[in-house]
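Undergrad: So the chains spell out like this:
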Amino acid sequence: MRHPSRLGVVPITFDDFVAERLDQLLRYATALTCDPHLAKDVVQEVLLRAQQRWRHIETADQPIAYVRRMVLNEYLSWRRRRANRDVMMAHAKLAELSPSVADSTSHYGERQEMLGRIVRLPRRQRAVIVLRYYENLSDAEIAATLGCAEPTVRSHISRALATLRAQDVPAVPSKGGLHHAV
Amino acid sequence: MPSDLETLIRVVLTEQAERAPHRATVLAGLRWARGRRPHRRLAVVAACVAVGLAAIGVPIGLHLTTQPLLAGSQVLHVQQPDIPLPYRVTYLPAGYVASMRVATATDLAQVWEPAGQGEVGGVPHQSDSFVQLDIFSAAAGDLAQTLSASDAPKADISGVQGYVTDDTSESDTGATLTGTTATWVPRRGVTLELTVRDIPDSYDVALRVARSVVTGGIDVIAQPVSFGDLPAGYSDELEIQGTSPSRWTVSRTATGANHDLAITAIWSTAEPGLDDRTTATVQGQQGWYGTPTASPATKGVVVALDGHWLTVTMPPSTDLATLTRTANGVSVFPNVGFPWLGR
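Protein chains in written order, with our numbering: chain G, 1 to 182; chain Y, 1001 to 1343.
This is chain Y alone, in the form it adopts within the complex (with noise of 0.2 angstroms):
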C-alpha cells in the first residue's frame, strides 16, 4: 500500500494508465482516417498499406495469380474521363501554386504550396505550409452529423454554418507547426473541408480561403494511368503531384477490399531508382526488375515509355511473371498534360 506522497502517485498513474483503451479503436480509427483524408501524403499510406502486406507475408502473388487485376486487352488503351473538380478556391495567400491532386471513391484534393517547393538538391522535399481544398462526398460519412455533434467553434461560411478547428504539429525539425481547418456542408451530400498549415495567422487565412471557394469552373482530374478493369471489390486512388507542367509524377495505386492487396503504378518525368536491377521485358520494351528505392518494401518493373517512365510496384513475394504481367496491362496516356502545376 502506498506509503509516502511520490509512491502514491505512482500508484494512481499506474492506475490510470490501466484504464487506457482497447488498441482496437485506435486502429478502427486509424483506418477509417486513412480512407477519409488521404491528404497530400496519399502515397505515403499508400506505401504503408504495402509495407504492413510485407511484414505480415500475405501470399498474395496467389491471389494475383488466379485474379489478374486487369480483365483483358479490350480495356487497355481506353483512356478514362478526366474527374471534373466541382469546387474551386478563388482565393490563395500570395505565393501559394497548385502542387497536388488526389481522387479517391470518397475526395477529390487539391493543395497549393509555395512557389519554388518541391525538390531539394533533387530529392522530392514536401513544404511544411500547404493549403489543401478536400471535397468529400456523402459515401465518406455523415461528417454533417458529426460535426453538428461536436463542440468545435463555428462559423459562417458562404451562407452556411462551419466549424473551424486549430492544431498545432510538428515539422520535421521538431518546429511546432500551426493550422486550422475549416469544415462546411455546401449541399446535402458534399463536405468540404479547407486545411492550412504553417501560415501565418491561419485561422484567418483559413476562413477567408474556404469563403472564397465557389463551384463550378473548368479544372479536372486528368487519368493518365489506367488500370483497365478492376475485380470486384478492389478500389483506387489517383494522385498527381509535381511543380511544374514538365515536372510531375503521377501515382495510381490499387488496393483490394480489406487491404490485402496494393499495386501501384507510378508515371513520371523522374528516372526512378531501383536497386539490385535485373532486365525484364516490360510493354515490349527492355526495362529492368529489382527493387525500387523508394519503396524498399515492394518489387518493382520500371521501363522508359515514350520519354517518361513507368514503374509498377507490388509485394515483396511478387514473382517476375506476375509483375511484368500486371505492368504490361497498364495504360498510359503521355498526352495528358497538367497545366495547372506551378501555378
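Extracted from the complex, chain G is given alone in its bound form (with noise of 0.2 angstroms):
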C-alpha cells in the first residue's frame, strides 16, 4: 500500500525516479568514489534498497536528498575495502583519458595531481569535499547529510584543505605505497 502523500507532495513512482535521476546519481557516485566502477556498484546497491522501500522514501519531501544521502551512506560504509585500487584504478583511468591538445601539459598535470589528493583524504574527508564543492551544500546541508554537527564539518573542511593544498604529494603512488584512510 502507498503512503497517502503528505504536505502536498506528490508521490513519484520508483520507475520514474530512475529515469529521471539515475545519471544524476551515477555522476554522484562517481564523483564520490573517484570510480567509475564501483559508482555503478554503489548506486545499483543503493537502488536496490530504494526499491525495497520506495513507499516510504516516495513520500518524503525531496526522495532525491534521501537516495543521494543513501548512496554517500553506501560510500561511507562499503565493506569491499578496495582503497588502494581505487586510487591505482583512478589514475590509470585518468591516464587513458589523456588531455586534448588545447590543455596544456601543466594544467593536466595540476588536476591529476589534485586528484592524486583527493583520492587519499579519509572517506568522511572526502565525502565532506564532495558535498561542498561538487553538490555546493552549506554546512547545514553536509552536517544534516552526514548526521553530524556543522562544527564537525567545519573541522573536516579544514583539514581536507590543508591535505589538498599541500605540495609535498606524489601525482601517482607506488603500488603498495599508500595507506588509505576509511
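Be a bit skeptical, because a hint or two may be false.
[Said to hold, decoys possible] Simulated restraints on C-beta separations:
1) G/THR163 <-> Y/PRO1086: 54 to 60 angstroms
2) G/THR163 <-> Y/ALA1270: 56 to 62 angstroms
3) G/GLU141 <-> Y/ALA1155: 39 to 45 angstroms
4) Y/ASP1166 <-> G/SER138: 29 to 35 angstroms
[Stated by the list, open to error] Covered stretches of chain G, going by a simulated chain Y footprint (3 or more residues, C-beta under 8 angstroms):
5) 30–38
6) 110–120
Since the hints were made in silico from the structure, they are not lab data.
As the structure is a computational prediction, the values presented were derived from the model and not from experiment.
Ideal placement from N, C-alpha and C gives every residue a C-beta, glycine not left out.
Bring the two chains, given one by one in their own frames, into a single complex with the hints.
TA: Spelled out as C-alpha cells, the structure:
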C-alpha cells in the first residue's frame, strides 16, 4: 500500500525516479568514489534497497536527497575495502583520458595532482569535499547529510583543504605504498 | 583555467563526475538482480513492474485480448503440486518465526521475522529484522564462479567454502542497519544464500544459521492460486506471507518475457481496499471493479470466495471485460493451508 502524500508532495514512482535521476546519481557517486566501477556498484546497490522501501521514500519531501544520502552512506560503509585499488584505478583511468591538445600539460598535471590528493583523503573528509564543492551544499546541509554537527563539518573541510593544499604529495602513488584512510 | 584551490577542486570533481558509467550498465544490473534476488519484498518488485508499465503506456490490453493468459477450462480447478523445499534451517535466533515463502523460476526463498510482526494498526508491516534463506537453481547464473572471483571473506559452511559479506542499510526511520550474507554452493547447480538483517552479531548469527542448513524435510510451498497454463515466454512468481495460519496473503504474478505484462492474483484473508469501485460479476459472484488501494497504478476486480478475497490486478489500460475474463480463469483452492506461518 502506498502511503498517502504528505503536505501536498506528489509521490513519484520508483521507475520514474530512476528514469529522471539515475544519471545524476551516477555522476554524484563517481565524484564521490573517483571510480566509475565502484560508483556503478554503489548506485545499483542503493537503488535495489531504495526500491524495497520506495513507499517510504516516495513520500519524503525530496526523494533525491534521501537517495543521495543512501549513496553517501553506502560509500562510507563500503565494505569491499578497495582503497588502494581505487587510487590505482583512478590514476590509470585518468591516464587513459589523455588531455586534448588544447589542454596544456601543466594544467593537466595540476588536476592529476589534485585528484591524487583527493583520493587520499579519509573517506569522511572526501565526502565533505564532494558535498561542498560538487554538490555545493552549505555547512548545515552537509551536517544534516552526514548526521554530524556543523563544527565537525568545518573541521573536516579545514583538514581536507590543508591536505589538498600540500605540495609534497607525489602525483601517482607506487603500488602498495598507500594507506588509504577509511 | 583553475586559478585557486577551490576552483581546482571543483574542476577535478566535475571531471570525475563526467566519467560516470552509462546508465544502461546499472539498469541491466538492476534487471539481473531483480530476477535473481526476489527477496522478501517480491510483491513490491512486482508492483513496480506494473507501475513502470503504466508510466510508459504499453498497449498490453490488446495483447491480452488476442492471447488470453488462461488457456481454457480444462486447466481450471487443477491444483498445481506443492513445491518441495529441499533445504531447511535447523537453527534460528530466539523468537523468529516463519513469515514468508517465495517461489520463482530460479529461486525458492524462506523468510523468518520476529514474532509479533506483520501488522501495525491493521496496516501490513515488515520488520527490519529478518532471516532469509534463498535456494538458487543453476538458472540463476553461475554464482559459484562469480563468488570464486570475488574478494569476499571466506568461511567454512558445513564442509564447503562459503563467502560471508557484511553490509549496511537504512531503516525506514533512517537508522543504520547491519546485515550479513553467507553464500555457498552445497552441490553443483545449487547456490544457497543466507541473509540476516538488523540482528545483533549478524556475522555470527548468519554463520550459525547457515551451518544449520540441512537437506530433506517435508516443507513445501503450496500453490493455492493458479493461472493455469501460461503462454510461451511468460513466467510467474508465487509469494505467501502472513503472521499465522489464519492471517495470510498469497500473491501470484505472471509476467511476460520482456516485462511487457504483469497480472497479479491475490488471495487473502483480509478484505482489500478498492477505490472508485463499480459492481462487476467475477467468477459468477457479485464483485467490484476499481483501483486497488494497495496498487493504485493498476485496475483490479475483487470478489469474495469461500470466506476469502480474490483480487486480480492488471495494468490500468485494461478494460473491464478483459480483466473479468482473466479473473474468471484464476483458480483458487481454499482448502490449502499454511500451518508453517508464525511458527
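Undergrad: Just tell me: holds or violated, for the beta carbon distance of G/THR163 and Y/PRO1086 against 54 to 60 angstroms?
TA: 55 angstroms Cβ-Cβ, so the 54 to 60 angstroms window holds.
Undergrad: Go ahead and decide if the range 29 to 35 angstroms is satisfied by the Cβ distance of Y/ASP1166 to G/SER138.
TA: holds, 33 angstroms
Undergrad: The hint says 39 to 45 angstroms between G/GLU141 and Y/ALA1155; measuring C-beta to C-beta, is that right?
TA: Given about 41 angstroms between the Cβ atoms, the range holds.
Undergrad: Using C-beta distances, would you say chain Y covers the stretch 110–120 of chain G, given that this needs three or more residues below 8 angstroms?
TA: holds (count 5)
Undergrad: That 56 to 62 angstroms hint for G/THR163 and Y/ALA1270 (C-beta), does it hold up?
TA: Holds, at about 58 angstroms.
Undergrad: Are 3 or more residues of the stretch 30–38 of chain G near chain Y, judged by a Cβ distance of less than 8 angstroms?
TA: That given contact holds, which follows from 5 residues of the stretch 30–38 of chain G lying within Cβ reach (below 8 angstroms) of chain Y.
Violated hints are absent here; each numbered hint is respected by the structure.
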